[in-house]
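Peer 1: Below, each chain spelled out in residue letters.
Number of protein chains: 2
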Amino acid sequence: MNKIIDLLNQHRTVRKYTEQNIEPNLLNQLLEAACRTSNTGNMQAYSIVVSTESGIKKALAPAHFNQSMVTEAPVVLTFCADFNRVSKWCEQRQADPGYDNLQSFMATTVDTLLAAQTFCIAAESVGLGICYLGTTTYNAKPIIDALHLPKLVVPITTITVGYPAAETEQTDRLPLAAVVHRETYSDYSSSKIDELYEEKENSQFYKDFVSENKKETLAQVFTDVRYTRAGNELFSAKFLEVLKEQGFLK
Amino acid sequence: MNKIIDLLNQHRTVRKYTEQNIEPNLLNQLLEAACRTSNTGNMQAYSIVVSTESGIKKALAPAHFNQSMVTEAPVVLTFCADFNRVSKWCEQRQADPGYDNLQSFMATTVDTLLAAQTFCIAAESVGLGICYLGTTTYNAKPIIDALHLPKLVVPITTITVGYPAAETEQTDRLPLAAVVHRETYSDYSSSKIDELYEEKENSQFYKDFVSENKKETLAQVFTDVRYTRAGNELFSAKFLEVLKEQGFLK
Numbered sequence: 001m002n003k004i005i006d007l008l009n010q011h012r013t014v015r016k017y018t019e020q021n022i023e024p025n026l027l028n029q030l031l032e033a034a035c036r037t038s039n040t041g042n043m044q045a046y047s048i049v050v051s052t053e054s055g056i057k058k059a060l061a062p063a064h065f066n067q068s069m070v071t072e073a074p075v076v077l078t079f080c081a082d083f084n085r086v087s088k089w090c091e092q093r094q095a096d097p098g099y100d101n102l103q104s105f106m107a108t109t110v111d112t113l114l115a116a117q118t119f120c121i122a123a124e125s126v127g128l129g130i131c132y133l134g135t136t137t138y139n140a141k142p143i144i145d146a147l148h149l150p151k152l153v154v155p156i157t158t159i160t161v162g163y164p165a166a167e168t169e170q171t172d173r174l175p176l177a178a179v180v181h182r183e184t185y186s187d188y189s190s191s192k193i194d195e196l197y198e199e200k201e202n203s204q205f206y207k208d209f210v211s212e213n214k215k216e217t218l219a220q221v222f223t224d225v226r227y228t229r230a231g232n233e234l235f236s237a238k239f240l241e242v243l244k245e246q247g248f249l250k
Numbered sequence: 001m002n003k004i005i006d007l008l009n010q011h012r013t014v015r016k017y018t019e020q021n022i023e024p025n026l027l028n029q030l031l032e033a034a035c036r037t038s039n040t041g042n043m044q045a046y047s048i049v050v051s052t053e054s055g056i057k058k059a060l061a062p063a064h065f066n067q068s069m070v071t072e073a074p075v076v077l078t079f080c081a082d083f084n085r086v087s088k089w090c091e092q093r094q095a096d097p098g099y100d101n102l103q104s105f106m107a108t109t110v111d112t113l114l115a116a117q118t119f120c121i122a123a124e125s126v127g128l129g130i131c132y133l134g135t136t137t138y139n140a141k142p143i144i145d146a147l148h149l150p151k152l153v154v155p156i157t158t159i160t161v162g163y164p165a166a167e168t169e170q171t172d173r174l175p176l177a178a179v180v181h182r183e184t185y186s187d188y189s190s191s192k193i194d195e196l197y198e199e200k201e202n203s204q205f206y207k208d209f210v211s212e213n214k215k216e217t218l219a220q221v222f223t224d225v226r227y228t229r230a231g232n233e234l235f236s237a238k239f240l241e242v243l244k245e246q247g248f249l250k
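From first to last, the protein sequence lines stand for chains D and V.
Residue numbers in the first sequence follow the numbering used here, run continuously in steps of one, and reach 250 at the last position.
Residue numbers in the second sequence follow the numbering used here, run continuously in steps of one, and reach 250 at the last position.
Just chain D, same shape as in the assembly:
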C-alpha cells in the first residue's frame, strides 16, 4: 500500500516509555495536526489538556486506577468534550447558546475523539508510542476535579504519550467480517459467531489467558473479570451523574 497505511497497520499500544521528553515544538505540531480534524460546524467544541508536571500526573493517577503509564509517561493528554468555550463566546456576542443537552454532548464527543485519534496517528508517525485509557469515563468526576474542568466540559478519553521503551507485540484482530457489514446489518447467527471467534479462541495466547483467569471460556474473562455487569452499572450511574453535574443532561 503506502507508508501511511503501513503505519496504521503497525499500530500497537505502548505502555512503557523512555525518560526522553517530547520537544514542546514537536508536541505543538502534533496538536496542530489534531486540530485540523473534521469537526461539527467548525466550532472546534473540544479541549485538550496537556499535563507534563509530575504533581498533576499524580493527581490524575488514582482516577486511572494508578496505571503506571499516567505517572511514567512524559505527557498525559486529557481529551474533553467542551461546549464551555463556544457557549462563553456566544454569550459575549449577543447569542443564546443552546448546548446544554445530550445532542450537543454527542456532537462534542464525536469531535473530541476524532481529534484524539488524529493526534495518535501523528504521534506514531514521529516514533512516539501512545496508550488510550478507558478509565476516563469510569472516573470522570475525579478528573474534572484534578484538572478544574468547568460546566459543559467532560473528559472523554486520556492518552499517555512517550518514546517507546521496548518493542511491543501487536494484538490480534477478529476477521474483517466480524465488524464490517455489507449494505445493511447482518445479524450474527450462532454458527457465524463460532466462525468469527474460532481463531481467537483457539490461539495459545488466549487459552493461557483463560486458564490464568481461572475461567472456562474467554468470554467469561470479559464478563466476570474485566468488564463486569456490576462494574459497568456502577460506572454508568457515576457517568450519568457527571453528565448532569456538568450540564449536558437535565
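None of the hints are false.
Since copy identity is lost for identical chains, a pair holds within one copy or between any two.
Cut-off 20 Å, straight-line C-alpha distance, at most; resulting in silico cross-link-like pairs (EDC-like, lysine to aspartate or glutamate): (1) Lys88 with Asp224; (2) Lys141 with Glu183; (3) Lys214 with Glu91; (4) Lys244 with Glu233; (5) Lys88 with Glu195; (6) Lys238 with Asp100; (7) Lys215 with Glu201; (8) Lys151 with Asp100.
Simulated from the structure, these hints should not be mistaken for laboratory data.
With chain D held as given, fit chain V onto it using these hints.
Peer 2: Showing chain V alone in chain D's frame:
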C-alpha cells in the same frame, strides 16, 4: 515534518465526488487499517456498515436531510456503537454480558469513532475524499430502520467517501491556544475569548457569512440558524429515546 503529518495538515472535507468507484480490494485494505485502531479491551465492540447500492443510499438520505453526498458518493459508511456481537458471543459461551448500560455505550462510542478517524486518514492517504455527517445522531432512528440495526447497536457517525471531483478550500481553525490547555484547564476570560476569535470574526469570509444569514454576530449564526437550542433539544429527546430503545439506557 513528515508526509503523514503533511497529509493530516492538508485535510479538507470533500462533498463532491467523481463517478469513479472504489475498488473493493482497496476499500477492504482501508477497513483493515481502521480495525487496527486501539479499542476497549480488544473487544472490537463496533460495526461498520458499508453501503454502495443506490437503493440503500436512497433509504438513508432522508435521515441525513437529503444532503447530496449520501446518494452521490460511491460508498457510505455508517459507523455504529455495537455491543450486540460481543453480547451474543458471551451468551453462546456461558458468560453473562452486562453491556446494556451507559458506560458500555461510551466505551463502544469511543472505539467506533477512533476507528472511523483511522479509516478517514487511510482513505485520504490514497487520494480519496471524505465527509462526516453529523446528522447521524440527529436521526438515528430512521438509520436504524434503514440498516436493520438490532438492539445494542446505535449509529454514531456516517462517512461518505469517493474520489474528489474538484479541489476544495481548507477551512480555518482557531489558534491552538483556543483548544489546548497547559497542565490543567484555564477557563476563558472575556478578553481571552475576544483574542481567540478575533482573526475568525474579522475575516471577510465570515463577515459575508454573517450578512448572508442576516445576523449581527457570527455566534448568532450558530445559535439562531445552524445549531439552535430548539433543534438540539428536539434531537436530544430523540436520541435519548434511541438509547433506551436500543437497550443502552434504562
